[in-house]
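Student: Sequence:
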Amino acid sequence: HVIVVDLLLRPPPHQRVPTRAVSMSTEGCVDTRGELPKITKGKINEMIASWTAQTSEPFISFEYFPPKTDDGVAKLHKTIAQMATQEPLFMDFTWGAGGATSTLTLALSTESQKQHDVMVNMHLTCTNQDKELCDAGLNGAKAGGIKNIVALRGDPPKGQERWEVTEGGFACALDLVKYIKANHGDFFSIQVAGYPEGHPDRITKVADLGRPMSAAEAARVVDVDGELHVCSDEDFVKEMAYLKEKCDAGGDVIITQLFYDFDVFKTFVAECRKLGIKADILPGIMPLNAYGGFKRMTGFCKTRIPPAMAAKIESLKGDDQKADFLEFGLQYITTLCQQLVASKLVSGLHFYALNQAERTYQILKRLGYLQDPTKPRLPAKVDTRGEQLDVVLELLAHIEAKGGNAADMGRVLQAATAAKGM
Numbered sequence: 001h002v003i004v005v006d007l008l009l010r011p012p013p014h015q016r017v018p019t020r021a022v023s024m025s026t027e028g029c030v031d032t033r034g035e036l037p038k039i040t041k042g043k044i045n046e047m048i049a050s051w052t053a054q055t056s057e058p059f060i061s062f063e064y065f066p067p068k069t070d071d072g073v074a075k076l077h078k079t080i081a082q083m084a085t086q087e088p089l090f091m092d093f094t095w096g097a098g099g100a101t102s103t104l105t106l107a108l109s110t111e112s113q114k115q116h117d118v119m120v121n122m123h124l125t126c127t128n129q130d131k132e133l134c135d136a137g138l139n140g141a142k143a144g145g146i147k148n149i150v151a152l153r154g155d156p157p158k159g160q161e162r163w164e165v166t167e168g169g170f171a172c173a174l175d176l177v178k179y180i181k182a183n184h185g186d187f188f189s190i191q192v193a194g195y196p197e198g199h200p201d202r203i204t205k206v207a208d209l210g211r212p213m214s215a216a217e218a219a220r221v222v223d224v225d226g227e228l229h230v231c232s233d234e235d236f237v238k239e240m241a242y243l244k245e246k247c248d249a250g251g252d253v254i255i256t257q258l259f260y261d262f263d264v265f266k267t268f269v270a271e272c273r274k275l276g277i278k279a280d281i282l283p284g285i286m287p288l289n290a291y292g293g294f295k296r297m298t299g300f301c302k303t304r305i306p307p308a309m310a311a312k313i314e315s316l317k318g319d320d321q322k323a324d325f326l327e328f329g330l331q332y333i334t335t336l337c338q339q340l341v342a343s344k345l346v347s348g349l350h351f352y353a354l355n356q357a358e359r360t361y362q363i364l365k366r367l368g369y370l371q372d373p374t375k376p377r378l379p380a381k382v383d384t385r386g387e388q389l390d391v392v393l394e395l396l397a398h399i400e401a402k403g404g405n406a407a408d409m410g411r412v413l414q415a416a417t418a419a420k421g422m
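FYI, in the UniProt record's numbering the residues of the sequence shown are 1 to 422.
Careful: at least some of the hints might be erroneous.
[Said to hold, decoys possible] DSS-like mimics (lysine-lysine), calculated; alpha carbons at most 25 Å apart, straight line:
#1 Lys181 <-> Lys41
#2 Lys312 <-> Lys322
#3 Lys344 <-> Lys312
#4 Lys178 <-> Lys238
#5 Lys244 <-> Lys266
#6 Lys266 <-> Lys278
#7 Lys295 <-> Lys312
#8 Lys205 <-> Lys75
#9 Lys274 <-> Lys78
#10 Lys68 <-> Lys78
#11 Lys238 <-> Lys181
#12 Lys266 <-> Lys312
#13 Lys295 <-> Lys266
#14 Lys375 <-> Lys75
#15 Lys131 <-> Lys181
#16 Lys244 <-> Lys344
#17 Lys68 <-> Lys41
#18 Lys142 <-> Lys205
#19 Lys142 <-> Lys41
#20 Lys41 <-> Lys375
#21 Lys375 <-> Lys68
#22 Lys295 <-> Lys322
#23 Lys205 <-> Lys181
#24 Lys75 <-> Lys178
#25 Lys278 <-> Lys344
#26 Lys178 <-> Lys131
#27 Lys238 <-> Lys274
#28 Lys278 <-> Lys41
#29 Lys244 <-> Lys295
#30 Lys181 <-> Lys244
#31 Lys344 <-> Lys266
#32 Lys266 <-> Lys205
#33 Lys274 <-> Lys344
Just so you know, these hints were derived from the structure itself, not from any lab.
All chains, full assembly: derive it from the sequences and hints.
Tutor: The following block contains the structure:
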């Protein structure tokens, strides 16, 4: 219980001195977008509508995942403070498979919104966990003033190949979207996931099609460990129909899986609009950091790598080519972002920051969107208490009942205490 005491003895978030900058050159940091709109913080769908009514320039947003250690959490808060200088429209925090990081996700979300004066978009997965935990997450978010939820099915926990429906729980993200709307009305802006190549579960071996690929299939085919995979046209139609169901049930904004093929994204957007899906579609942008990490992530997500990009990546996989790999990655992602913005298909760019600022900053600088990250930024005092802060403490009982540890309980208690202004 020492961790709990230590957490509660720290200064309240609004009394902490904000971190100033990352260690990178700030020379030439000019945001060519000009003066950015002043948006009232709230629901993301309403913020996007307000932004696009005032400018045709793109907004930016960032996504983070909960670290595994207290030191990692402290470092992430420094990174968030630094990246908040870029005036992102919102910041995402992921929710671990089966609710594995639920307590930390809620604590990070609640504290970051108050401490760093940013609008938070909290992920919530619904499978491999009981409905009780989803309720605790939603009630805790609502109590902490979190107005934005990313409703996801979720991946299976580590070591488990397939996801499972928990008895009395949810079977899919659509169930969660419907549940949120039924129990919380319009309090939350609900974001849903979109998969330009098709959901990984529906991307299977081309050899199993039993026929030649269509032109549409060939355009989104994926190489997985040297074997071609694709979401068949039949399954892609089902995927798009399911996405429309999620939006019709209450999904306000679509955030896509990472992708590296602009044409695949363009086709995905066209298919959405053809079906009458009117939700804003935000492209998920993941920077390239290292060959190994890139291969693992794109393999796990079954992401299409255009042939020219794949050939270049393979030519830069040596340990002595790391600098060249990074430079190619920066060039490629910058060009992809430029294509997206020029297409007028998107209102913003959503960066998977991987809990660090440097690579995203380098891309923003090349795009001409980087504001000086060394400028002082004192977060405004914002009341994010929501309707009843005491609801946050519901999660403590759930953690204790599930055998949660002192660090988990301390983080949630800290977030509740900070939001109460104690």
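Student: Decide if the proposed pair is consistent with the structure: Lys244 and Lys295, CA atoms, cutoff 25 Å inclusive.
Tutor: The given pair, whose Cα atoms are some 31 Å apart, is violated under the 25 Å limit.
Student: For a C-alpha distance cap of 25 Å, please report whether Lys205 and Lys75 respect it.
Tutor: Violated - the C-alpha atoms of Lys75 and Lys205 are around 41 Å apart, more than 25 Å.
Student: Does Lys181 lie within 25 Å of Lys238 when you go C-alpha to C-alpha?
Tutor: Holds, at roughly 23 Å.
Student: Hey, Lys295 versus Lys266, does the alpha-carbon distance stay inside 25 Å?
Tutor: Distance ~24 Å between Lys295 and Lys266 Cα, so the pair holds.
Student: Lys68 and Lys78 were given as a pair; does the straight-line alpha-carbon distance stay at or below 25 Å?
Tutor: Answer holds: Lys68 to Lys78 is near 16 Å, not above 25 Å.
Student: Between the alpha carbons of Lys278 and Lys344, is the straight-line distance 25 Å or under?
Tutor: holds (15 Å)
Student: Between Lys205 and Lys181, does the CA-CA distance stay at or below 25 Å?
Tutor: At roughly 37 Å apart (the allowed maximum being 25 Å), Lys181 and Lys205 break the hint.
Student: Has the given pair, Lys131 with Lys181, been kept, meaning a C-alpha gap of at most 25 Å?
Tutor: holds (15 Å)
Student: Given the hint that Lys278 pairs with Lys41, test it: the Cα-Cα distance must not exceed 25 Å.
Tutor: holds (22 Å)
Student: Is Lys266 close enough to Lys312, meaning Cα to Cα at most 25 Å?
Tutor: The hint holds at about 23 Å.
Student: For the pair supplied as a hint, Lys178 and Lys238, is the alpha-carbon distance within the 25 Å limit?
Tutor: Distance ~19 Å between Lys178 and Lys238 Cα, so the pair holds.
Student: Assess, step by step, whether the Cα of Lys266 is no farther than 25 Å from the Cα of Lys205, and give holds or violated.
Tutor: Since the Cα atoms of Lys266 and Lys205 sit roughly 24 Å apart, the hinted pair holds (cutoff 25 Å).
When each numbered hint is compared with the structure, violations occur for hints 3, 8, 9, 17, 18, 21, 23, 24, 29.
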